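Undergrad: So you can see what is in the structure, the chains are spelled out below.
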Amino acid sequence: MNVRAQGIDFIRQSEVVGRLRARLPAESVLHQAEDTRPYECDGLTAYRELPMVVALPADEDEVKFVLETCHALGVQVIARGAGTGLSGGALPAPDGVLLSLARMKRILAVDPVARLARVQPGVRNLAITEAAAPYGLYYAPDPSSQIACTIGGNVAENSGGVHCLKYGLTVHNVLRVRGFTIDGELVEFGSEALDSPGYDLLAVVTGSEGMLAVTTEVTVRLVPKPEAARVILASFDDVEKAGEAVAAVIGAGIIPAGLEMMDQPMTRAVEEFVRAGYDIEAAAILLCESDGTPEEVAEEIARMIDVLRGSGATAIRVSANDAERNLFWAGRKAAFPAVGRISPDYYCMDGTIPRARLGAMLKFIAAMEQKYRLRCPNVFHAGDGNLHPLILFDANDPDELARTEQFAGEVLEKCVEVGGTITGEHGVGIEKINQMCAQFTGEELARFRGVKRAFDPAGLLNPGKNIPTLHRCAEFGRMVVRGGALPHPDLPRF
Amino acid sequence: MAADALRTFAETIRAAATEGKRLRLRGGGTKDFYGQALDGEILDTRTYTGIVAYDPTELVITVCGGTPLAEVEATLAAKRQMLAFEPPHFGAATIGGAVAAGLSGPRRAAAGALRDFVLGVRVMDGRGQDLSFGGRVMKNVAGYDVSRVMAGALGTLGMILEVSLKVLPLPVAEAALKFEMPRDKAIEAVNRWAGKPLPISATAYTDGDLGVRLSGAAAAVKAACGTLGGERLADADAARFWTGIREQTDPFFAGDEPLWRLSVPSTTAPLAIEGRELVEWGGALRWLKSRAEARTVRDAAARAGGHATLFRGGDKTAGVFHPLAPAVARIHQRLKAEFDPHGVLNRGRLYAEF
Numbered sequence: 001m002n003v004r005a006q007g008i009d010f011i012r013q014s015e016v017v018g019r020l021r022a023r024l025p026a027e028s029v030l031h032q033a034e035d036t037r038p039y040e041c042d043g044l045t046a047y048r049e050l051p052m053v054v055a056l057p058a059d060e061d062e063v064k065f066v067l068e069t070c071h072a073l074g075v076q077v078i079a080r081g082a083g084t085g086l087s088g089g090a091l092p093a094p095d096g097v098l099l100s101l102a103r104m105k106r107i108l109a110v111d112p113v114a115r116l117a118r119v120q121p122g123v124r125n126l127a128i129t130e131a132a133a134p135y136g137l138y139y140a141p142d143p144s145s146q147i148a149c150t151i152g153g154n155v156a157e158n159s160g161g162v163h164c165l166k167y168g169l170t171v172h173n174v175l176r177v178r179g180f181t182i183d184g185e186l187v188e189f190g191s192e193a194l195d196s197p198g199y200d201l202l203a204v205v206t207g208s209e210g211m212l213a214v215t216t217e218v219t220v221r222l223v224p225k226p227e228a229a230r231v232i233l234a235s236f237d238d239v240e241k242a243g244e245a246v247a248a249v250i251g252a253g254i255i256p257a258g259l260e261m262m263d264q265p266m267t268r269a270v271e272e273f274v275r276a277g278y279d280i281e282a283a284a285i286l287l288c289e290s291d292g293t294p295e296e297v298a299e300e301i302a303r304m305i306d307v308l309r310g311s312g313a314t315a316i317r318v319s320a321n322d323a324e325r326n327l328f329w330a331g332r333k334a335a336f337p338a339v340g341r342i343s344p345d346y347y348c349m350d351g352t353i354p355r356a357r358l359g360a361m362l363k364f365i366a367a368m369e370q371k372y373r374l375r376c377p378n379v380f381h382a383g384d385g386n387l388h389p390l391i392l393f394d395a396n397d398p399d400e401l402a403r404t405e406q407f408a409g410e411v412l413e414k415c416v417e418v419g420g421t422i423t424g425e426h427g428v429g430i431e432k433i434n435q436m437c438a439q440f441t442g443e444e445l446a447r448f449r450g451v452k453r454a455f456d457p458a459g460l461l462n463p464g465k466n467i468p469t470l471h472r473c474a475e476f477g478r479m480v481v482r483g484g485a486l487p488h489p490d491l492p493r494f
Numbered sequence: 001m002a003a004d005a006l007r008t009f010a011e012t013i014r015a016a017a018t019e020g021k022r023l024r025l026r027g028g029g030t031k032d033f034y035g036q037a038l039d040g041e042i043l044d045t046r047t048y049t050g051i052v053a054y055d056p057t058e059l060v061i062t063v064c065g066g067t068p069l070a071e072v073e074a075t076l077a078a079k080r081q082m083l084a085f086e087p088p089h090f091g092a093a094t095i096g097g098a099v100a101a102g103l104s105g106p107r108r109a110a111a112g113a114l115r116d117f118v119l120g121v122r123v124m125d126g127r128g129q130d131l132s133f134g135g136r137v138m139k140n141v142a143g144y145d146v147s148r149v150m151a152g153a154l155g156t157l158g159m160i161l162e163v164s165l166k167v168l169p170l171p172v173a174e175a176a177l178k179f180e181m182p183r184d185k186a187i188e189a190v191n192r193w194a195g196k197p198l199p200i201s202a203t204a205y206t207d208g209d210l211g212v213r214l215s216g217a218a219a220a221v222k223a224a225c226g227t228l229g230g231e232r233l234a235d236a237d238a239a240r241f242w243t244g245i246r247e248q249t250d251p252f253f254a255g256d257e258p259l260w261r262l263s264v265p266s267t268t269a270p271l272a273i274e275g276r277e278l279v280e281w282g283g284a285l286r287w288l289k290s291r292a293e294a295r296t297v298r299d300a301a302a303r304a305g306g307h308a309t310l311f312r313g314g315d316k317t318a319g320v321f322h323p324l325a326p327a328v329a330r331i332h333q334r335l336k337a338e339f340d341p342h343g344v345l346n347r348g349r350l351y352a353e354f
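Protein sequences, first through last, are from chains E and A.
Residue numbers for the first sequence follow our numbering, beginning at 1 and rising by one.
Residue numbers for the second sequence follow our numbering, beginning at 1 and rising by one.
Calculated from the structure, these hints are not laboratory results.
Note that the structure is a prediction, hence the values are computed from the model and not measured.
Among these hints, one or two may not hold up.
[As the list claims (entries may be wrong)] Straight-line distance between alpha carbons at most 30 Å, and here's what the computed DSBU-like set of lysine-lysine pairs gives:
| # | chain 1 | residue 1 | chain 2 | residue 2 |
| --- | --- | --- | --- | --- |
| 1 | E | K166 | E | K64 |
| 2 | A | K21 | E | K166 |
| 3 | A | K21 | A | K79 |
| 4 | E | K225 | A | K31 |
| 5 | E | K225 | A | K316 |
| 6 | E | K64 | E | K105 |
| 7 | E | K241 | E | K371 |
| 8 | A | K196 | E | K225 |
| 9 | E | K414 | E | K363 |
| 10 | A | K289 | A | K31 |
| 11 | A | K196 | E | K105 |
| 12 | E | K166 | A | K222 |
| 13 | A | K196 | A | K178 |
| 14 | A | K222 | A | K196 |
| 15 | A | K185 | A | K196 |
| 16 | A | K289 | A | K316 |
| 17 | E | K225 | E | K166 |
| 18 | A | K222 | A | K289 |
| 19 | E | K241 | A | K79 |
| 20 | A | K178 | A | K222 |
| 21 | E | K225 | A | K178 |
| 22 | E | K166 | A | K316 |
| 23 | A | K31 | A | K316 |
| 24 | E | K166 | A | K178 |
| 25 | A | K79 | A | K222 |
| 26 | E | K414 | E | K371 |
| 27 | E | K363 | A | K79 |
| 28 | A | K21 | A | K222 |
| 29 | E | K414 | E | K241 |
| 30 | E | K371 | E | K166 |
| 31 | E | K414 | E | K166 |
| 32 | A | K289 | A | K185 |
| 33 | E | K241 | E | K64 |
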């Protein structure tokens, strides 16, 4: 009998399953391929791997037991929330245990006076806001997948959203993370106070892609829901002018609640799909939102309109009510699926650049479109310089695929060159691990590995993600989204 | 000049590592009072100064660690921007020292802490290696967030050569209000107000008076003054008051009793410890002038779910910073060993063990 199929060692598998079932109920330890198949990938479907075992702990004791067992056996552990991540951070290993925190989904406490919520890691991002809503509070970070993604995953990825320029990322909105290190030791980073003694380990754990500790409880900050919000839709006859308008808004001392940009190819794709009422004749449009008290919003919207006009906006519309505001946003939020409709495949980039380089970057991308003979519509979180250019291609054409990879590589390298980063919010995971070599020196990568060792000396938590080995840096590859189809096609992606 | 300074730093650190010597990183020396032992030969950070990059439309400033904090703030103010975490100066502080100490001022509860504004650092570690982490952009998830760990690490992991900080526009309007009320009512009020969309940018309570600062759009500040009531302070008095809180020159901080800093959940009831208390940050920061035993103060902070620091004066042998849980302490020691394997940099300044 062949004891290895798809890289899984069945003798080892049965040993791990046996040990885990000593404490976890049988239905919480999966190993048959038909049961483990749903866990073979996250939102980055280009990479798939069947895990040796899937463990579904129901509480902290079970998490601790799984970690202690794996630590004792030298088995790697890959934690997973809802599996909506876009960089393969939760890609399983054929010799590892996939630890799903999905069953730990209780909201443990909402304290409206102290303005915080204590939740288990499997609680959905939006569920926190829903639980806080009766008190006029909400959880600010709003990644596009917020109806499905979990807070544990948000902590692992330091997730953002369209409002992070004003309200911050996950790292700014989490007060405390409780969890376990690989040896099953309980650790708490942060507290319900505003700071903690010693090093800021809460900041290190946030965005660490599940490589330092496994989160079992998160305390988040809740903030008062703004009384009012309105959004401006501004048209420009030139993409560089739109880029300059972004800088002008910020330069005028305004921090918009959201500031998004789309170029004409993107507005056309979107308009066909959702009829958001975008100006498809414009070379680029900006969405510029203000929130706060009604007085504040009125004052800020007036200032924004002045600046946008002064920057050469050719048309300006302001949402008259919440229905229209949601419609304006609906187009932006449908950008990825809209592109999925017009191209067999697309490659989504996530670089971030200094805002002042937006116009120049757009020109660079346009030049790359010519050079590689591929189309590339653009959506940006313009307020924080986070780009999502989407290269359209057909994966069945090997030459197009090769050109796409070169195109993407040039754009990401340009991001680093102008002082930016290869990933603003999707994470490194497995997808951008090679490009880490372009952003960091060997010494810096060595120090990252030192951070990993400080938390996980055995190197068993999600190894092989985020931080490349020097050996790996000798190679360089890129991955793509196949068939234009992300899993969870129902989720908005922006 | 700049290259010379960096070369000197690297040579000094490498020599110390080889010879088993210890170095004490020091900028303006304004926080010599803070932390555990001052051990080792001084390595002055003020030879590496200047603004590396500042474009107001980016909301980011990149500066050399030895640059005076006052110069950084003046540069920003000229463009109507600010360091929103309102760091204390305590004299001629440097920006590197401010980041290493990680201290934030009155605006912290509203705007965020110093660490929230750190976007990237260039540091020299205990091997004398010149390393950059993070960047100059708002969103960056490449690699572990090493830059924020440098905030508040008191130079034990590396010397801050350069730092990129997110900056914010100065508020268009400000107003300061004063309310007379007992301590428990004040703590209750500031928590209740924080749950409303009010532009409160700072609170400070001591001795029967609650001070509240409002900052934001003119319309919002005006509306909030109407909603909250209280007595409006003249602008000059308000500025003096909030500077006094930030710089600890307010009369509350006078006297030679030890000054404790208790960071606790904002809704924590008034502490039942002998001494005088000043409550900041919407209830989350309690300054305590007290001769109470260290153990008494630490226990009270821990029971509330927070921690206590012996900020100024007192007997440091009981430990300046709150003791760490054993598992967390081990991670600290291993991190220190990774960044400073020879124990050269500010050894023992944060915790005696490393």
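Undergrad: Given the hinted pair K414(E) and K166(E), is their alpha-carbon gap at most 30 Å?
TA: The hint holds at about 27 Å.
Undergrad: Does the alpha-carbon distance linking K414(E) and K363(E) stay inside the 30 Å limit?
TA: holds (12 Å)
Undergrad: Regarding the pair K289(A) and K31(A), is the alpha-carbon distance no greater than 30 Å?
TA: Roughly 19 Å separates the two Cα atoms, so the pair holds.
Undergrad: Taken at face value, is the distance from the CA of K225(E) to the CA of K196(A) at most 30 Å?
TA: holds (8 Å)
Undergrad: With a cut-off of 30 Å on the C-alpha distance, tell me whether K21(A) and K166(E) pass.
TA: Judged against 30 Å, a Cα distance of about 45 Å means the pair is violated.
Undergrad: Under the criterion that the straight-line Cα-Cα distance not exceed 30 Å, is the pair K289(A), K185(A) satisfied?
TA: This hinted pair holds, its Cα atoms lying about 21 Å apart.
Undergrad: K21(A) and K79(A): Cα distance at most 30 Å?
TA: violated (44 Å)
Undergrad: For the pair supplied as a hint, K166(E) and K178(A), confirm whether the alpha-carbon distance does not exceed 30 Å.
TA: The given pair, whose Cα atoms are some 28 Å apart, holds under the 30 Å limit.
Undergrad: Is K166(E) close enough to K316(A), meaning Cα to Cα at most 30 Å?
TA: The given pair, whose Cα atoms are some 40 Å apart, is violated under the 30 Å limit.
Undergrad: Given the hinted pair K225(E) and K166(E), is their Cα-Cα distance within 30 Å?
TA: holds (13 Å)
Undergrad: With the threshold set at 30 Å, check whether the alpha-carbon distance from K185(A) to K196(A) stays at or below it.
TA: Holds. K185(A) to K196(A) sits at ~17 Å (cutoff 30 Å).
Undergrad: Check the hint pairing K225(E) with K178(A) against an upper bound of 30 Å on the C-alpha distance.
TA: holds (26 Å)
The structure shown violates the earlier hints numbered 1, 2, 3, 4, 5, 18, 22, 28, 30, 33.
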